[in-house]
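*Asks:* All chains, please: the whole structure from these sequences, using the hints.
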Amino acid sequence: MDDYKFLFKVVLVGNAGVGKTCLVRRFTQGLFPPGQGATIGVDFMIKTVEVDNEKVKLQIWDTAGQERFRSITQSYYRSAHALILVYDISCQPTFDCLPDWLREIEEYANSKVLRVLVGNKIDREDREIPTHVGEEFAERNNMYFLETSAKEAENVETLFIQIAVDLIKQARNRDVPKYDDTTTIEDRTTSIGNKLLQ
Amino acid sequence: MSASEMSFEEMQEEIRNQLEKLQIEEDSLQEEMSTIMNQAPFLNEKIKSLKKLVPALKIIEHDAVGLVNTINDISDSSEKISGKIRLLDEARSRVQECQSRVCDLIDLEICSQGVQAAILDSDYEKGAAHVHRFLSMDQSLLQKTANDVENISNTLKSVRTLQDATSQLRALVEHKFNEAVRNEDLVSIERFFKIFPLLGIHEVGITEFCTYLRGKVSLTAEKNLKTAITTPISDKRYNIIFADTLTLLFEGLAKVIDIHQPLLETYYGPGRLFSAVNILQKECDVQVRRIFNEWMKCRQINKKMQQISEISRIGPNSSFSKLERIDPKDLDILIGEITFMHYRSELYIRFIQRKVMADIEIGILDSQKKEECINAFSQALNNSELTQLKHELLSHYLRLEQYFMEESINKAVAMDSVDSSQQTSSMVDDTFFIVRKCIRRSISSGNLDGICAIINTACRVLENDFCDVLRSKLRQGYPSGYLDLTQAYNVLQSSIQQGRLQSGDTEQSRTAFIVALNNADSCIEYVDALCEGVLKEIENALPGMNSNEHGKLESCLSGLSSVTSNLKEIIEYGIQQLRSSVIKPRVNPWVDAFLNISHQFTEEELSVYEAGETFVQTLIMNLESLLSSFKDMLTVANYDAFVGALTTEVTQRLEKVILKSSFNGLGGLILDKEVRSLASYITAATSWSVRDKFARLTQIATVLNLEQVSEIADYWGNHDGALTWRLTPSELRSFLLLRTDFKPDDVKRLKL
Chain L
1 MDDYKFLFKV VLVGNAGVGK TCLVRRFTQG LFPPGQGATI GVDFMIKTVE
51 VDNEKVKLQI WDTAGQERFR SITQSYYRSA HALILVYDIS CQPTFDCLPD
101 WLREIEEYAN SKVLRVLVGN KIDREDREIP THVGEEFAER NNMYFLETSA
151 KEAENVETLF IQIAVDLIKQ ARNRDVPKYD DTTTIEDRTT SIGNKLLQ
Chain D
1 MSASEMSFEE MQEEIRNQLE KLQIEEDSLQ EEMSTIMNQA PFLNEKIKSL
51 KKLVPALKII EHDAVGLVNT INDISDSSEK ISGKIRLLDE ARSRVQECQS
101 RVCDLIDLEI CSQGVQAAIL DSDYEKGAAH VHRFLSMDQS LLQKTANDVE
151 NISNTLKSVR TLQDATSQLR ALVEHKFNEA VRNEDLVSIE RFFKIFPLLG
201 IHEVGITEFC TYLRGKVSLT AEKNLKTAIT TPISDKRYNI IFADTLTLLF
251 EGLAKVIDIH QPLLETYYGP GRLFSAVNIL QKECDVQVRR IFNEWMKCRQ
301 INKKMQQISE ISRIGPNSSF SKLERIDPKD LDILIGEITF MHYRSELYIR
351 FIQRKVMADI EIGILDSQKK EECINAFSQA LNNSELTQLK HELLSHYLRL
401 EQYFMEESIN KAVAMDSVDS SQQTSSMVDD TFFIVRKCIR RSISSGNLDG
451 ICAIINTACR VLENDFCDVL RSKLRQGYPS GYLDLTQAYN VLQSSIQQGR
501 LQSGDTEQSR TAFIVALNNA DSCIEYVDAL CEGVLKEIEN ALPGMNSNEH
551 GKLESCLSGL SSVTSNLKEI IEYGIQQLRS SVIKPRVNPW VDAFLNISHQ
601 FTEEELSVYE AGETFVQTLI MNLESLLSSF KDMLTVANYD AFVGALTTEV
651 TQRLEKVILK SSFNGLGGLI LDKEVRSLAS YITAATSWSV RDKFARLTQI
701 ATVLNLEQVS EIADYWGNHD GALTWRLTPS ELRSFLLLRT DFKPDDVKRL
751 KL
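Here the protein sequences line up with chains L and D, keeping their order. Taken in order, the first sequence gives residues 1 to 198; the numbers are from UniProt numbering. Taken in order, the second sequence gives residues 1 to 752; the numbers are from UniProt numbering.
A portion of the hints provided could be inaccurate.
[To be verified] Just the calculated beta-carbon pair ranges, DEER-fashion:
no., chain 1, residue 1, chain 2, residue 2, range
1, D, Lys226, L, Val133, 52 to 62 Å
2, D, Glu310, L, Val133, 26 to 36 Å
3, D, Glu310, L, Lys112, 24 to 34 Å
4, D, Pro270, L, Lys112, 56 to 66 Å
5, D, Ser312, L, Asn142, 31 to 41 Å
6, L, Phe6, D, Pro543, 41 to 51 Å
7, L, Glu125, D, Thr230, 29 to 39 Å
8, L, Glu125, D, Lys226, 47 to 57 Å
9, D, Lys437, L, Asn142, 50 to 60 Å
10, D, Val204, L, Arg127, 44 to 54 Å
[As the list claims (entries may be wrong)] Calculated pairs, BS3-like style, for lysine-lysine (alpha carbon to alpha carbon, straight line, at most 30 Å):
no., chain 1, residue 1, chain 2, residue 2
11, L, Lys151, D, Lys568
12, D, Lys568, L, Lys57
13, L, Lys9, D, Lys536
14, L, Lys112, D, Lys568
15, D, Lys255, D, Lys355
16, D, Lys568, L, Lys5
17, D, Lys536, L, Lys47
18, L, Lys9, D, Lys355
19, D, Lys437, L, Lys151
Worth flagging that the hints you see were computed from the coordinates, not collected in a lab. Quantities reported herein were computed from a predicted structural model and do not represent experimental measurements. C-beta atoms are modelled at their ideal positions from N, C-alpha and C, and glycine is treated no differently.
*Replies:* Right under this line is the structure:
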C-alpha cells in the first residue's frame, strides 16, 4: 500500500483567514467548504501524487494562523521540506505581515527549505495587492511565486505538483556529490519568473 | 472477323458459365425440395393433433367469458360497499372533530372561569394548567369554531380572557420567580421554574433559571478566587492554587449541570440542555478569565515569557550574563501547574460536549435541525473564552516546556561527568531523563497538538544541540601519541617519578573521545526505547484517537528516527577517526612484517618456521593486545564496529603485501593456513560475521595454494563447486603469477 518513492513534508503558514485550509482541502479532497471555522493547532493531510511515473507522498501540514497557536506551529518548521507562505490578495494586512513570517521561517526552518509565496483568493474582485508586487517580494526573498484561487481551483494543483517536482529534483541532486546550492536557487527564480509571465 | 470469333468464344464461355450456375441452382433447389418433402409427414401429424385441440379450446373460451362476468359483478358490488364505508369514515371523523371542538369549547369555558379564580387564589399551578390546556388548542380552529357557534361573543370572550390570563400569568410567574430568587427561596424557585413550560415560555424559563444558577456559581467562584489570592506562600498547595481554583469552578459547574439536567428534561423535555449550558458557559468564561488573569499576575507569566524569548534570541551559548537566566528548575512547578490547568479545562470541555451532544441526540429528531444545532453548539464552544484561554495556556506551556527542555539539557551537558566504571557519561542518562519527563508532562496536558509540539522540540534539541556536542567532541580526535598502552604507561610512570606530571591531557582527551562514541551508541538505544514507550503512553492517555490523529503522531515520532540516523553518522565518523589514528599506524607495520619473511620454503625451512613464532602468531598477538585495550572501553556495538574497521584495514594491507611477495607451493600452503587462523581469530573476537570482509583474502590464499594452474578450473566457472569470486580474472592471474613454480604461459593461457 505504502509504495511511494519520496515522502515530503509541506507546511502551510500565513495569517489567519487567508485560505490555507481551503487550499489544502481543494488539493487533497477537491472541495471548497465555505464557512470554515479557524483551524485549531495543526491539521494533517496526506496525498499521493505521481510525478514522472514516480509516486510521491505529500504530507501536508495545515497550520493555524492565529497567534496563540504559534508555539505549536513553529515546531513543524524544522522538519519541513517545503514551506508555503500564503497571503490574501484582497487584504493588505496579510501581505504586510510577510516579513514577520519570513523572520520566523529564518529562525525555525531548515536553511535549505523550499519556500513558496502564494497569493490566494484571485477570484475576488476587490484585489488590493497587484500581482507584480507579490512577484517582486518573492523574487527579493528567493521564493517561488504563484497566485491561486482555492474557490475556483485555479493553480492549486500546479502549486503542489510544482513543489513535488522541485523537491524530487533537490533530492536527486543531493545524491550527486558536487551539488552547488547557489546556482540552483538562481535557476529556480528564473524559471518561476518565466512560468508566471505566461 | 476476329471480333466475332472472340465474341463467339466469349458467348460460349458465358453460356457455359450460366449453365454451371443453373446446375448449381438446380442442385440446391433439389436439396431444399427434398428437405421439405422430408418434413411433410411430420407437419401433417402436427396439423392433425392441432385439429383435435379446437373443440377443447372452444369450451375454455366459453368458461372464461363466464368468469369475467362474475368478476365484474363482484367488483361492482364491492365498489358500492366501500363507498358507503368511506362515507361512514368521513362522518365518524367529522363527529370526532366536532366532539373535540365541543370539548375544547367546554374546556375553554372551564379554563376561562378557572383561570381567574386560580390567579386570585395564587394557585399558579392550576392557572398555568388551564393556560396549558388553552395553549394546546389549535388557535385558528378555535376561531373557526367560534364563527360556527351561535354564541359567538361568549366564546370569543373566553378566548380573550384566557389570552389575557396567559400574559398576566407569564408576567406574574416571572415576577414571582425573581422575587423567589431575591429571597433565596429555593422551594419557590423550583416551583415557578416548573410553571414556565406550562405557559409555553420554555426559553424564558431556562434563561431565568440559568441566570439564577449563574449568580450562584459566580458567588462561589469569587469566594474561591479570593481565597486563592490570599493563600500564603507557605501553604502546601500554594504552587498549584490556581489549578485548584479552576478545578473547583469546573467541578461546581459540572455539579450544577448534573443536578439540573434531569429537572430540565422532565419539565422542559430533552433537547434544551444546549440553551442552559450556553448561559452557564458565559459565567464560566467570565470566571475562567478572572482566574487566568490573577494567575498571570501572581506567577509573573509575562515577565517570564519575555525573559525566555530574549534568551532564545541571544542564543543559548552566548556569554551575555547581563541577562538573568531563569533556572529551569524554578519553572518545573509552574509548568506542572499549567499542564494541570490545561488538562482540567480540556476535561470540562469534553464533559459539556458529551452532555450536550447526548441531549441533542435524543431531543432533536429532525436530522437537518440536529446538524444545525450541533454546529451552533460546536461553534459557540470553539469561540468561548474558555477554549481561547485553554489555547493560551497550551501556548504558555509549550514555550516554558521548550525552554525547560533546552536549558536542562544544556545543564546536563555542562555538568557532564564520567564515572570510570561506566562506558558512557552522565549526560546521556540525564538528557533522556529530561526528554522523557517533558514528553510525559505534555501527555498529561491531554492535548495531542501539545504532545506533538514537544516531540518535535525534543527531535530538534537532540538532533541539533545534543548531536552537535557529541560531534564536536569526536572532531577533536583520538590522540595517537603513544603506540600502545604499555608505552603510554611507561611514559606516565617516568613522568611521575620525575615529578613532572604533564597532566593526563592525552589520556583525558582519549577518554573523552571514547565516551562520546559510547554516548552516541547508547543514545540510539535510548531513542528507540523512547519512541516505543512514548507511543504506548500516548495511546493510553488518548484512547479515542482517529486514524488522522494517529498519522500525525506517528509522523512526529518518526522525526526521532532522523535523530538515530544522525547518531549513526556520528559513530561512523568516530570509528573512521579511530581507524586513521589508532588502527592504521599500528596495523601497517605489523602486517608489513610479512615482507621480511621469504615465502619460498623448503621442507626444512618450513619446519623451522613453524617451530618458531610465525608471522600470524605475532600478528594475532599484537591484534589481541590492541583489541583487549579497547574491548572494555567500548560498548558492544562500538567494539564490533571497531573490530570491523580493524579487519578491513588488516585484510586490505595484507592483500597489498602479498602482492609484493612471491611464493612456492609450500609458501602458498602456509599462507592459506595463516589466513584461516587469522580469520578464525577475528571471528571469535566479535559477535558479527567477518566472513564477508575475509572473502577476498581467503580466495587469494586459495589461489596461491593450488597444486597446479589447471586446478583453478575446480573453483572457476559455472559448475557446482565453483566459488562466487570476489577477484576479477586479471586480479586472479596476477595472484597466480606470484607463484614462482607456475609457468607464466600457463597462467596466461587460462580461460577465465
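*Asks:* If a hint holds in the structure, say so; if it does not, say that too.
*Replies:* Going through the hints against the structure:
no., hint, verdict
1, D:Lys226 x L:Val133: 52 to 62 Å, "55 Å, holds"
2, D:Glu310 x L:Val133: 26 to 36 Å, "34 Å, holds"
3, D:Glu310 x L:Lys112: 24 to 34 Å, "28 Å, holds"
4, D:Pro270 x L:Lys112: 56 to 66 Å, "58 Å, holds"
5, D:Ser312 x L:Asn142: 31 to 41 Å, "25 Å, violated"
6, L:Phe6 x D:Pro543: 41 to 51 Å, "34 Å, violated"
7, L:Glu125 x D:Thr230: 29 to 39 Å, "60 Å, violated"
8, L:Glu125 x D:Lys226: 47 to 57 Å, "56 Å, holds"
9, D:Lys437 x L:Asn142: 50 to 60 Å, "40 Å, violated"
10, D:Val204 x L:Arg127: 44 to 54 Å, "49 Å, holds"
11, L:Lys151 x D:Lys568, "47 Å, violated"
12, D:Lys568 x L:Lys57, "26 Å, holds"
13, L:Lys9 x D:Lys536, "25 Å, holds"
14, L:Lys112 x D:Lys568, "22 Å, holds"
15, D:Lys255 x D:Lys355, "12 Å, holds"
16, D:Lys568 x L:Lys5, "23 Å, holds"
17, D:Lys536 x L:Lys47, "27 Å, holds"
18, L:Lys9 x D:Lys355, "38 Å, violated"
19, D:Lys437 x L:Lys151, "45 Å, violated"
Going down the numbered hints, you'll see the structure goes against 5, 6, 7, 9, 11, 18, 19, while the others check out.
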